[in-house]
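Assemble chain V onto chain Y, guided by the hints.
Number of protein chains: 2
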Amino acid sequence: MRFTTFVLDRTSQALGRGPSISKLVVLFAVSSGGLVAYADSRLDNGVEIPQGPPKKKVVVLGTGWAGTSFLKNLDTSLYDVQVVSPRNYFAFTPLLPSVTCGTVEARSIVEPIRNIVKKKDGQVKFWEAECFKIDPANKKVLCRSNIGTNLDGNGEFAVEYDYLVVALGAKSNTFNTPGVEENCHFLKEIEDAQKIRRSVMDCFERACLPNLSDEEREKNLHFVVVGGGPTGVEFAAELHDYVSEDLAKLYPNVKDLVKISVIEAGEHILTMFDKRITKFAEDKFQRDGINVKTNFKVVKVSNKAITMTNPSTGEVSVPYGMAVWSTGIGTRPVMMDLMKEVGQAGRRVLGTDEWLRVLGTNNVYALGDCATISQRKVMEDVSAIFKVADKDNSGTLTVKEIKEVLDDICVRYPQVELYLKTKQMTDFSYLLKDSTGNVNEDSIELNIEEFKKALANVDSQVKNLPATAQVAAQQGEYLARCFNRMKQCEEKPEGPRRIREPGRHRFRPFRYRHLGQFAPLGGEQTAAQLPGDWISIGHSTQWLWYSVYASKQVSWRTRMLVVSDWTRRFIFGRDSSCI
Amino acid sequence: MRFTTFVLDRTSQALGRGPSISKLVVLFAVSSGGLVAYADSRLDNGVEIPQGPPKKKVVVLGTGWAGTSFLKNLDTSLYDVQVVSPRNYFAFTPLLPSVTCGTVEARSIVEPIRNIVKKKDGQVKFWEAECFKIDPANKKVLCRSNIGTNLDGNGEFAVEYDYLVVALGAKSNTFNTPGVEENCHFLKEIEDAQKIRRSVMDCFERACLPNLSDEEREKNLHFVVVGGGPTGVEFAAELHDYVSEDLAKLYPNVKDLVKISVIEAGEHILTMFDKRITKFAEDKFQRDGINVKTNFKVVKVSNKAITMTNPSTGEVSVPYGMAVWSTGIGTRPVMMDLMKEVGQAGRRVLGTDEWLRVLGTNNVYALGDCATISQRKVMEDVSAIFKVADKDNSGTLTVKEIKEVLDDICVRYPQVELYLKTKQMTDFSYLLKDSTGNVNEDSIELNIEEFKKALANVDSQVKNLPATAQVAAQQGEYLARCFNRMKQCEEKPEGPRRIREPGRHRFRPFRYRHLGQFAPLGGEQTAAQLPGDWISIGHSTQWLWYSVYASKQVSWRTRMLVVSDWTRRFIFGRDSSCI
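Chains as they are written, first to last, in my numbering: chain Y, 254 to 832; chain V, 254 to 832.
One chain only, chain Y, in its complex shape (with noise of 0.2 Å):
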């Protein structure tokens, strides 16, 4: 009795209707066994009475491109799913650089991990903590609240998962050179950002301050970028335009003595791109006065000085106001830790199958930065292959055997489709007759030794895919994809045929679209890298930048957000205000 008054209180709070229509729902609550069940579905925090079996526990480490991507398209009502972040938001990570020079806010780019789930099926629980060991044996993970000491207790917790979605990124990677912790910027997080953005105007003032020598200025002036891979060259970029549009009206006594640098150890910047866009993006910087050191390795930052090789010049130190480490990425400890416990100690970073699931472990997934796919290779499986391949058991392929289980295997080994591409072939016969020397398709039969002639070099064409947003991103709208069907494909598998046991995998492998690549370069110019090599580069390419970037906004808050961020930099400029 007690406990159906005690729905009745809750039912009638979750209708929220008054006591004279409470009256009613306990009449029926008490005869029908069924309305109580949906009175109790419908309670956030009450007592858990089982329907069926449990639900599977998903618990997700992150929420960055990946973490974000897969909560978005999961089917949360499917699973309980837990995710634990120390940020409780998703930033728009590629518009960091422009977040340095307050271009846009940082509040303009991130939106609040439950805003993204309130609207979502289910209960999405949240915990704002950091996950410090990952335990595969025992299926749980060990997190700890990094908020403040006014937690009782040290604030430590373990989560028990049924799947477990690893998307933890990276760090950035100092390559252990000695002083980068201590007195380089970063810039992978809305802090790092943040941070930039005080310490150039702290240069400024710094510079400003009577009883200096124009040395002093100069050195307080110097802004240093390690590194010229994208975030680097639109850092440089970001800062050069803050400074000409914005900081030379209001410094005018030092404007002159600013001197923005980029370092690279490799011979040009933004190698990652085509020929073209490099060269442009070099002359640009040339005639924006920003000084490109290529082939300069940083051996040694002190807070006063950087210090670097060059074949030709030997060991230079330059003095330097503020500096910004943007050289890639390394493995974070605790991946290195999960790297140990499941066997995978000798690699650099941890490595999954093409299904994202993480090597060595059982429903462990990994995506995003922190991992990276180990592509199955054509010649491991070569044999196997042949076997699947013929039929007839006759020694030799026909090409109309293999015509039957090519798709399966390009499905399986993209590369395949891949080299052809790259060889410009429409077809796979072309691969034979290319081996064989035959050119009437019918008669050609291959054994073994020709089939590995035939595949030889198609392996050459596995590359391991960019630490980008738009692969994360990808990865996690994939994976909650075979989530949503885990069910359904479990009795009507739709991946390949397996090569070396029979039947089909559940899932297609996850295929990689690129999208295109941005390099914003200042002065209201962008290059771009579109599929197909496609180049763009100018002014109409940074109103594809803009609107390309307000489209991929994670909410309309935030795009609305980000637009008028762009309109008030347009009409009043940036802010230079220290806080």
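Hints may be right or wrong, so weigh each one.
Just so you know, same-sequence chains aren't split out, so a pair can sit in one copy or run between any two.
Unchecked claim - Straight line, CA to CA, 16 Å or less: simulated EDC-like cross-link-like pairs of lysine to aspartate or glutamate:
1. LYS674 to ASP786
2. LYS537 to GLU777
3. LYS557 to GLU469
4. LYS644 to GLU413
5. LYS386 to GLU568
6. LYS644 to GLU698
7. LYS656 to GLU670
8. LYS371 to GLU498
9. LYS502 to ASP374
10. LYS653 to ASP541
11. LYS424 to GLU383
It is worth saying that the hints were derived from the structure and are not from the lab.
Quick look at chain V alone, frame taken from chain Y:
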């Protein structure tokens, strides 16, 4: 010859022309000293060649309401102006409580000082540094740059002045209560508001963590405001709105555990307002579930609990998640030192005369929260006033004689006018009638004792001005106007007649015009006390509040930002990201 070449380089730089034009300039430069001087006067950073008498140096300490208002109104072409402040921006502090919950963003209420001064004539120098010592004997201030450690040397420098304008503001007053500095938030600076915002979100995230007892969750969600003044009350109201309008949806599991307490040592909150407003606020807070604890004095704050006493309950300790301390203002150490230096060691706050000149100094002015005006008492001067008024030295004053000096007296001693108003007397003669019992105005003649008796109660009207933005801004504007007309007024004084010396004061003394005060109470309701004891409470007053605060913004930029923040809040609610 070297000097000429130097000027040439600078000139060609300043004019932005090539070397061919420069040669022309150098020819003129050699033949005509005038051109050299002309060229030099355009330099920003070059050698100084005096042209006529050098301008007087005005040094302004602080960029709060008083300092910025002074700067905005000063004719900067008349003086060599230098501004020293640890903050390179002006903050619209009345919106700080809104910043604590993200109703407006921190950046929307700040304007860089360099933005404000760049539109002005002449050159205003700004140093981002903290003044740690005022040396009126040697007419200089000692400053220290507080930016990082990357500056060579200790970052200290001295600035000399002819006129010093001290507008350093006040610090929060903890009344030496143990544990306050370490465990409580204040609400005076932008950084404070940002920290509070972050801390509120941390409390919610902490309360959601697994493995916590309900008691621990309640502790984390207990928000305590110490001090029932306008700032504390507005913060409590903002926080209540934030929780009920936004956070309740995002944290449904813990929303019923939230508790907001306002602790006030006095009988009521908002005691500086009319009783009707106090009553309305207390009733509204009760309806909203905000716990108002009056007659409670906080005696200790630990990191887990706040201890307070009350005559009836004795000492009680309450666990809390976050506490904001807002009980009034205290004097900064640098001001304490100055007070010792100028013989004001016994006072609580630095005293100035009615022209904002620091008592015991020459050419040092103080305004805003860092000083109070010591209004000269009538009774101190009553004999001298009698002497001045008694033109015929008859030993008695006629009404005619009094009327001749009355205007000057009312200007010099505003309490006289205030007293008449309070007693609802329209004219000074009523006061005389009152004191002599005589009804026929013409026949009144007062001797010194009767005159003293008539004025005996007038000084009861002397009150300190409140420490508000309104007072500081009016003082800054007043002082700037005095500085702008320094020369004219020396020749043609416009102040009241001097009582103890011949002649007139240069300027009229500062006079505060009260324009009303708002007390936002949450739920789109505001109370306002307008001049003439008009009271206005409710939703319409909230709209008055919006329009007044929008119109008072220091620039069109911040105005647009604040209004767009309000709009964003109406559409999307407040952001809950922990950044």
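Hints and how they fare:
Within a single copy, LYS674 and ASP786 get their C-alpha atoms as close as 13 Å, which meets the 16 Å cut-off; across copies the closest is 84 Å, which misses it. For the identical chains of this complex, LYS537 and GLU777 are intra-copy neighbours only, at 12 Å inside a copy versus 52 Å across copies, given an alpha-carbon limit of 16 Å. Taking the shortest alpha-carbon separations for LYS557 and GLU469, only the intra-copy value of 11 Å comes in at or below 16 Å, while the best inter-copy value is 47 Å. Within a single copy, LYS644 and GLU413 get their C-alpha atoms no closer than 46 Å, and across copies no closer than 97 Å, so neither meets the 16 Å cut-off.
Taking the closest pair of Cα atoms, LYS386 and GLU568 never come within 16 Å of each other, the shortest separation being 41 Å inside a single copy and 45 Å across copies. With identical chains, the CA atoms of LYS644 and GLU698 are at most 16 Å apart within one copy only, with a shortest distance of 14 Å there and 134 Å across copies. Taking the shortest Cα distances, LYS656 and GLU670 sit within 16 Å of each other inside one copy (13 Å), while across copies they are farther apart (106 Å). Taking the shortest Cα distances, LYS371 and GLU498 sit within 16 Å of each other only across copies (15 Å), while inside one copy they are farther apart (41 Å).
Taking identical chains as interchangeable, the C-alpha atoms of LYS502 and ASP374 lie at most 16 Å apart only when they sit on different chains, with a minimum of 14 Å there against 53 Å within one chain. In this assembly of identical chains, the alpha carbons of LYS653 and ASP541 never lie at most 16 Å apart, being 61 Å within a copy and 78 Å across copies at closest. In the homo-oligomer, the alpha carbons of LYS424 and GLU383 lie at most 16 Å apart inside one protomer (14 Å), although the nearest pairing across protomers, at 37 Å, exceeds that limit.
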